[in-house]
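Asks: Chains A and B, in that order, give the protein sequences. Residue 24 in this note's numbering sits at position 24 of the first sequence; the count goes up by one each step and never skips. Residue 1324 in this note's numbering sits at position 324 of the second sequence; the count goes up by one each step and never skips.
Source of the hints: derived by calculation from the structure; they are not laboratory data. This one's a predicted model, so the numbers in the text were calculated from it and none came from an experiment. Please note that a few of the clues may not be correct.
Claimed, not checked - Dumping the calculated DSSO-like pairs for lysine-lysine here, alpha-carbon to alpha-carbon at most 30 Å: (1) 104(A) to 1262(B); (2) 1365(B) to 39(A); (3) 1262(B) to 115(A); (4) 118(A) to 1308(B).
As the list claims (entries may be wrong) - Computed footprint of chain A on chain B; a stretch qualifies when at least three of its residues, placed anywhere within it, have a C-beta under 8 Å from a C-beta of chain A: (5) 1036 to 1047; (6) 1066 to 1075.
Said to hold, decoys possible - Here are some chain B residues the structure puts well away from chain A; computed CB gaps all over 10 Å: (7) 1098; (8) 1134; (9) 1136; (10) 1138; (11) 1139; (12) 1180; (13) 1187; (14) 1265.
No residue lacks a Cβ here, since even glycine has one placed at the ideal position from N, Cα and C.
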Amino acid sequence: MSELPTLRSRKLEISYNIPISKTKKFWDGLREGKIYGTKCRKCGRLYFPPVADCGECYSSDMDWVELSGEGEIITFTHIIVRPVSFQDQQPYTVAIAQLREGVKALAWLTDVKRKDIKVGMKVRLVAKVMEDGRVTYEFKPAEKTE
Amino acid sequence: MRRVAVIGVGHSKFGDRQDVNVRELAFESVKPALEEAGLTPRDIPYVTLGSVGVWYEEPLPAVAVAEYCGLTGAGLMRVEAACATGSAAVHSAYTAIASGYVDLALVIGVEKMREVDTFTAVELMGRAGSYLWEFENFGLTFPGYYALYATAYMNRFGATEEDLALVAVKNHKYGAMNPLAQLQREITVEDVLSSYVVAWPLKLYDCCPITDGSASIVLASEEKVRELKIDTPVWIAGIGVSSGTGTLSYRDDFIGLDAAVKASRTAYKIAGVEPGKIDVANVHDCFTIAELMAYEDLGFCSRGEGFKMVREGQTEIYGKIPVNVDGGLKAKGHPIGATGVSMIVELTKQLREEVTPSSRQAPMKNYVALAHNVGGTGHYCYVTILKR
């Protein structure tokens, strides 16, 4: 920060209540150890992350489909410089994988040494309940999830 | 559609500008832009202002800036297209004139990013992709988005971290020659490779800095250009616009930006220009990987050949197509709402052959220039072609 004279503004803390009514099955599924996508009953398009409305054919008639989680890393990065709300985390690895069902997923990749991560590596997307009760999903090396 | 010309340009010093607030910073580019065009604020019927905001205190920057610059009463529109915000503001004013709605318009791009600390800025940029699916749980940052592309690109085509570094070295070389640039110093490949990792494989010197800055241009109809007896109008020959998904995992691949391919093809078609006719280009090098993908997306070379262009010096000032010879986002800085307008300011000066110092003037053969401005990671893309 520069040392020129400034006026410190009033402080405002913002957090949003994000509606999840239409994707509740997905968030509940994570608590049960399941990863759900949605599939359009009209055109057949599969979505992950799930959606309540099909942007392809505009149908809102969707099926919930449990995904195997099996996939292969397409790309990854290690986030060293972290956002202010992630300062309490150690640096983390974010990866995108192609899942067996044809959709892609983006999540943290854990339980593996950085030097062992490669494009093409087999992984599995698994649900996770965090210590504070929030739910998420992450990739783990396939051999560690068998 | 009527023809539209750039008739005045202005540009602030880019950098850590905590000596000015957003109003004062905008004034620094508005004043010279109006003066060059021989106009006063009263002559301007319509203003578009590009600014993403949130890192500075004013939620309605168009109103605050217009008031400060004596433009109150003009039609006002604030525009957002992430890092392509400036180009979106240009596009909006361009269509207003081309359609016959107005004969004159002022475009102001301004951003004040350094009123918050670095980690807050990293957070605000990171949130601006797909908050729900890629930030909430995964804290993906803006360098992280491009790092995912860098990993995929390097893996697919065999480009190296040294190749990425060459982009930074080139752009810093020209930034060192630009008195308005934030980082006016040359660097070496070793400097880049030894700088700390931000989002692997991207290191500090692969990333553009966080910047305050403003740039403004005055646009006019052909009729107005004649009436004002403008010596050297620079014509907007075509603008192509496209977009990509916010959620990266919905995309097909991570080796190029579809939005940039589509936007550039539209721009080339409207302007009746091919990549080989371009005398100078400014491309969106927010990260070094972005410039390499831009060469390919814009058709300067084939897919997977971009890193060879920088290796061979083809985008240096006397190369096949000089790229970012003002330092680019990498060294000039990237005040995200101002960047697209800054590109037009730079290219207007290039086309008028009045760049100072002249060592930074690209040789003109066809008097055609191209600006490629990406918002997010190809979430938005604007490609603008200018002709003298």
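Asks: Hint by hint, note whether the structure agrees.
Replies: Hint check results:
no.: 1; hint: 104(A) to 1262(B); result: holds, 23 Å
no.: 2; hint: 1365(B) to 39(A); result: violated, 54 Å
no.: 3; hint: 1262(B) to 115(A); result: violated, 37 Å
no.: 4; hint: 118(A) to 1308(B); result: holds, 24 Å
no.: 5; hint: 1036 to 1047; result: violated (count 0)
no.: 6; hint: 1066 to 1075; result: violated (count 0)
no.: 7; hint: 1098; result: holds, 31 Å
no.: 8; hint: 1134; result: violated, 6 Å
no.: 9; hint: 1136; result: violated, 8 Å
no.: 10; hint: 1138; result: violated, 6 Å
no.: 11; hint: 1139; result: violated, 4 Å
no.: 12; hint: 1180; result: holds, 18 Å
no.: 13; hint: 1187; result: holds, 19 Å
no.: 14; hint: 1265; result: holds, 23 Å
Of the numbered hints listed earlier, those contradicted by the structure are 2, 3, 5, 6, 8, 9, 10 and 11.
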